[in-house]
Every structure is written in C-alpha cells, then in structure tokens.
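Trainee: What follows is each chain in one-letter form.
There are 2 protein chains.
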Amino acid sequence: MEKVLGIDIGGTSIKVGLFSTEGTLEAVTKIPTGEIVSEAAFAVVTEGLKGLLAENGAKPEDVIAIGLDVPGPVDDKGKVGMLANIELDPEGLQNAIKRTFVNANLAFVNDANAAALGELWQGTAKGANSFVLIAIGTGVGGGVVSNGRLISGAFGAGGEIGHITVNRDETATCGCGRKGCLEQYASATGIVNSYKAECKRLGTTPVALDGPTDTLSVFNAHRAGDEAAQNAISMMCECLGYAMAQISAVVDPQIYLIGGGVGGGFKLYAEDLRAAFRKYCLAPSVATRILPASLGNDAAMYGCAYQALFERGA
Amino acid sequence: MEKVLGIDIGGTSIKVGLFSTEGTLEAVTKIPTGEIVSEAAFAVVTEGLKGLLAENGAKPEDVIAIGLDVPGPVDDKGKVGMLANIELDPEGLQNAIKRTFVNANLAFVNDANAAALGELWQGTAKGANSFVLIAIGTGVGGGVVSNGRLISGAFGAGGEIGHITVNRDETATCGCGRKGCLEQYASATGIVNSYKAECKRLGTTPVALDGPTDTLSVFNAHRAGDEAAQNAISMMCECLGYAMAQISAVVDPQIYLIGGGVGGGFKLYAEDLRAAFRKYCLAPSVATRILPASLGNDAAMYGCAYQALFERGA
Chain G
13 MEKVLGIDIG GTSIKVGLFS TEGTLEAVTK IPTGEIVSEA AFAVVTEGLK GLLAENGAKP
73 EDVIAIGLDV PGPVDDKGKV GMLANIELDP EGLQNAIKRT FVNANLAFVN DANAAALGEL
133 WQGTAKGANS FVLIAIGTGV GGGVVSNGRL ISGAFGAGGE IGHITVNRDE TATCGCGRKG
193 CLEQYASATG IVNSYKAECK RLGTTPVALD GPTDTLSVFN AHRAGDEAAQ NAISMMCECL
253 GYAMAQISAV VDPQIYLIGG GVGGGFKLYA EDLRAAFRKY CLAPSVATRI LPASLGNDAA
313 MYGCAYQALF ERGA
Chain A
13 MEKVLGIDIG GTSIKVGLFS TEGTLEAVTK IPTGEIVSEA AFAVVTEGLK GLLAENGAKP
73 EDVIAIGLDV PGPVDDKGKV GMLANIELDP EGLQNAIKRT FVNANLAFVN DANAAALGEL
133 WQGTAKGANS FVLIAIGTGV GGGVVSNGRL ISGAFGAGGE IGHITVNRDE TATCGCGRKG
193 CLEQYASATG IVNSYKAECK RLGTTPVALD GPTDTLSVFN AHRAGDEAAQ NAISMMCECL
253 GYAMAQISAV VDPQIYLIGG GVGGGFKLYA EDLRAAFRKY CLAPSVATRI LPASLGNDAA
313 MYGCAYQALF ERGA
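Heads up: the protein sequence lines correspond to chains G and A, in order.
For the working numbering, count along the first sequence from 1 and bump the result up by 12.
For the working numbering, count along the second sequence from 1 and bump the result up by 12.
It should be emphasised that the hints constitute simulated quantities derived from the structure, not laboratory data.
Given the structure is predicted, the values throughout are model-derived calculations rather than measurements.
Note that CB positions come from ideal geometry on N, CA and C, so glycine has one too.
Any given hint could turn out to be false.
[What the hints assert, rightly or not] Straight line, CA to CA, 30 Å or less: simulated DSSO-like cross-link-like pairs of lysine-lysine: (1) G:Lys89 with G:Lys62; (2) A:Lys138 with G:Lys89; (3) A:Lys191 with G:Lys291.
[As the list claims (entries may be wrong)] Anything over 12 Å on all C-beta distances counts as not near chain G; from chain A, calculated: (4) Glu51; (5) Gly104; (6) Asn115; (7) Gly149; (8) Lys208; (9) Gly215; (10) Leu228; (11) Ala257; (12) Glu283.
Looking at chain G on its own, in the form it has when it is part of the complex (with noise of 0.2 Å):
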C-alpha cells in the first residue's frame, strides 16, 4: 500500500504524519531530535519514520512522497535558503532519506506554503483554484496558490506577505531589516506591542500577559470591553486589510484563509478584517472570501506530504 509522510521541523524534535495517497491522516508521532547536522541524528530521524511505518503495517518501500517543511525560504526549485532558527543540514538529512525511502521522492517546502498546501488538498480551501493564506503567530507568514499551484517564488520569497510594507513612516525596524511591515502591527507579537501602546496611550492598566506573544489574554480583553484590545485589534484589521488589498491587486485570489495561532481568534475580528479589505481593494474584489482556516498546526504536515506527491505527479 502506497504510504505518504509529511515532516514538520521543529527547533528541538519533528512531527511525522503518515497519510494515504488520498490525504487521510493515519497515524502521527514527535521524534525528539536536536540539531539536526550530524550522520547520527539524521539516524534518528530515520529510524523513528521506520519505527512510525513498522508500528502501522508499512515498509520503508511503500513511502512514495516524504515532504517535510522548514521555517524558512525554499526557492521554486526545491532549494532550501537560509534557516535563521533552526540547526538544519538539509542536503544532509535528504541523502539520509533517500538512503532509506528508495521509492520516495523529497520535497522541502516553506512552512507557510506548506500550511497553505495543506489547507488546499484537505481543509477549507479543498480544490480552489486560487487563494492566499495568511498564517498569523509569532511572525506573519503566507502561502499563495494560483492555478491551483503554490508561488514560492524564483528566490523563496514568495508569500512573504508578512513584509508588505503598510506604513511609510513606520520609525521602527522590522525583523527583515526594513520598515513598516505588516508584520509590526499584525503579527500576535505586534498585535500585543499595540495593546501595550493604547494602554499607555489611554492611561489604563493592561490586563496580566503570558509573554510578548499573548494575543488570546487581548482577545479576552476585547471581549470584556477593553478599549485599548479593540483599538490593537482594530488597527491589527486595519493593517492585515490594506495588505490584503495589495496582494488582490497582483493575484486577486477567490478566498483568504486566516491561519496561525491568531486564525483562532477569527470570529472575533472577522467583521472588522472583512470591513477594511472591502474599503482599501479595487471594485472587482470586493467578493473575495475571507474564512478561517481549518487545519490548525496540522496544515504544514498536510502541505509538505501533498507537495511531495504532487511533484512526483501523483
């Protein structure tokens, strides 16, 4: 039986889904890992897949397609850019596979983009032909599909939605060095900074914060009526909106899908976020979709499994 894995690399172990060929979910394990750099830790990956298909019935054999997704840009080619956050040799850990998997053809793919592939072959966006997901956590990532295919870019950056520029006059410095990005104001990091700020701002006392990255104690504010957690949403939506009505003008895609640890405060802002891209884009967008995306931390493990077989020409 044919057998699919998607891997999800993390900073300190990997998730592995084993799936059908039909995208269904068999069976799913974490393989503590480390740095992934060495002979004896791709030995480690290996042997847990093998370990993961031994105890569902599966021989190395029957993995036709192993995607595995990395934080950081893969050109359109397959090439894997620079890993900022992660100890990866990532040619290393394919000839490791390849060893083992001889019937397996390798894919890595962005993290975004494969969050964005993975909501296209199994969740909301099944079978659409264009949309963009938006993936909102620490950072702000994304995944485009055109013609039902994923952009991800001559140069990996495709997607990189998080670093549309939204303010001009931004003073402060954004992560990637420039200034103003989307991301400063509607990643949880800059959606937490802008409630910090109209607190100040208003004179009141923000509520107790688990971390720099606590969007769910502000949505939880929001929902008691603090005013400072709905101005940090507001502008959060106002920024996320316009950014959306620049992608629209080059891609013009069906449907956005939220995604990332913010996605789940969807229902909250959904009104407000749909508002601001209806009053920034250009007349013949305005019907474009805007859902929640449905897969949760799952959708990379799906996406990169689906990139890999798509490419094998499944």
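With chain G's structure known, arrange chain A on it following the hints.
Mentor: Using the frame of chain G, we list chain A on its own:
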C-alpha cells in the same frame, strides 16, 4: 496546416495576426470596425479574418485557436468584465467567430495579461518560469506569470499593479476611485503631471508637450539636463521600484519586464529603477532581473493567440 489567430481589439479597429502553432507571425492585417455590438459588425470581423486567411493560402477550418485581447478585466474562467473604453459585445462576437471557425478554441485575455503571455511565447521572457510584465502607457497595466502560467485572478484583477497603493497620503483620486495608486505617478500621464508640477515648483518653463501623455518630450528634456524632467523620472522610478518590491513579497518573480510606450525609454531610467527596487525589496529578491520587453505593440496580439492555443492543450 494548423493556424492560430491573435486579435487585438481597439476602439475603432482590430489588428489581427496570423501565426503558425510554433509562434511565427506570418501576416498581419488591420480591420476597421467601429462598435462591435451587432451581427453586421460581427460579420465585418469574420469576413476580415477569412480574407486574411485566403490571402495566405489558409482556410477557416485550419484555425485551431483564436485569442482576443480586450482592454478590461477577464477572470480566470475567461469571462469578460466591464469594458470602460470600448463598445464590444464579447458574447455576440464569440458566437459569430465560433460559427465561422468551427475547429478553433476561443479565449479572451486582458490586454496587459496578453502582453505578458506574448513575451513568454516569443519575447524577452521566452521560457521563463515566472515574471511580471509592467506595461506603462496612459495607465499602468500588468501581467503576472508564475509556474509558467498567467494569473488572471478570480475576479479578473490579477496583475492590476497600476493600483498598488504607493502613497497613502495622496489627496488626488485615481481613475479607480482610490487614492495614491502607482498609476498616478508612474503612467505616462503621471510622469507628465509630475514634470509640470516640478517645473512649477522650480520656477522653470516646461518644454513643449504634445498632449497629456507625451513622455517622449520629457525623456528628451531629461537627456538635455532639464532638472524638472530628471526629478519626474526619479519619482517614477521611486514609485515603481517600491511597488515592485511589494509584488516581490507576494509572487517573487525571476524577472520584471518593462513594456508599453514608456518602456521605450528604458535605457534612460533602467539604473535608477533597479536601484529603487533594490532599496525596497526583501534581501532574497535583490537578484531579480529588470529588463525591457521586446515585442512592443504586438505583444498582446501574440499573447492572446498563445493563450487560446495553450487552453486547447497544444
């Protein structure tokens, strides 16, 4: 022998190219039409097409694909939207053509999108996997190609890059009803307006201008050392480079092609434009190439023919 037709629809006439399936332009003709909204007008078109074929030893049955480019939105299902500057009944014309050319696949394509496809088929972008054509004339149009395919957009607004916002503080309204669009600064009209405003600001006398889109005279003034002309072109490059950086954060193309009338002056401003783009883009995209388009006014005629052929599965 199988043939392909590309029909460039203008306000008072159509220009028709007869192509081989390999993309060689074998003959061109112009057919005066006026409004194309009646059976009589449709017949003028079909008779003109038959005449072109007869002159070149071909029959209507030989034609396997016919593309029509129109100055307005066409969505990703090939449906033509509102045409502001032209009197055309797309469905009526399509039916009349279908009755005469029974073996042909028909496709409508937006003009700037068609120009991009023309460059992909037989121009500078031949064989490129991803690029964005920026057609600078009276307005600023665009055609986005990713994964070797045109992105027309779910609502026909794909490649509407003239309406990327570059100045949120603008008070003058763009033709689209919004404010601060790229088109307000980087179109022929925008360049001429900037030139006049700069002359006023500097207290200099503008050179004689042949109408509101005469960028040729502005370019010549630039070459002659006219400071206001140099400032106007600088501003064009600044706005265009900024907008291109936003596009790169969405689709990250391999190449930008500058076409349309203003594209003819490319050499004059190429280095300024490249510098502006590099100043604003994300680090991975600095290697993006910025080149002149090569098919001039024939690009759209080539491109709609290509699209009709492509959709047929040739």
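Trainee: Regarding the assertion that A:Asn115 does not contact chain G, is the least Cβ-Cβ distance greater than 12 Å?
Mentor: Nearest chain G Cβ is 26 Å from A:Asn115, so the label holds.
Trainee: Checking a non-interface call: every C-beta of chain G should be farther than 12 Å from the C-beta of A:Ala257. Is that right?
Mentor: For A:Ala257, whose nearest Cβ neighbour in chain G is about 8 Å away, the distance does not exceed 12 Å, so it is violated.
Trainee: Would you check whether the claim that A:Glu51 is not at the interface survives, using Cβ distances to chain G and the 12 Å cut-off?
Mentor: A:Glu51 is indeed farther than 12 Å from all Cβ atoms of chain G, at 30 Å.
Trainee: Does the no-contact call for A:Gly149 survive, Cβ to all of chain G over 12 Å?
Mentor: For A:Gly149, whose nearest Cβ neighbour in chain G is about 18 Å away, the distance exceeds 12 Å, so it holds.
Trainee: A cut-off of 12 Å on Cβ-Cβ distance, and A:Gly104 was said to be off the interface with chain G. Does that hold?
Mentor: holds (22 Å)
Trainee: At 12 Å, judged by beta carbons, does A:Leu228 keep clear of chain G as stated?
Mentor: holds (28 Å)
Trainee: Would you assess whether A:Lys208, listed as outside the interface, keeps its beta-carbon beyond 12 Å of every beta-carbon in chain G?
Mentor: Per Cβ check, A:Lys208 is outside 12 Å of chain G; nearest 25 Å; holds.
Trainee: Would the pair A:Lys191 and G:Lys291 pass a check requiring their Cα atoms to be no farther apart than 30 Å?
Mentor: Holds, because 12 Å separates the two Cα atoms, which is no more than 30 Å.
Trainee: Closest CB-CB distance from A:Gly215 to chain G, is it above 12 Å?
Mentor: The claim holds: A:Gly215 sits with its nearest Cβ about 29 Å from chain G, beyond 12 Å.
Trainee: Please work out if G:Lys89 and G:Lys62 have their alpha carbons no farther apart than 30 Å.
Mentor: OK: G:Lys89 and G:Lys62 at ~28 Å, within 30 Å.
Trainee: Taken at face value, is the distance from the CA of G:Lys89 to the CA of A:Lys138 at most 30 Å?
Mentor: holds (18 Å)
Trainee: With d taken as the least Cβ-Cβ distance between A:Glu283 and chain G, does d exceed 12 Å?
Mentor: holds (21 Å)
Of the numbered hints given earlier, the model fails hint 11 alone.
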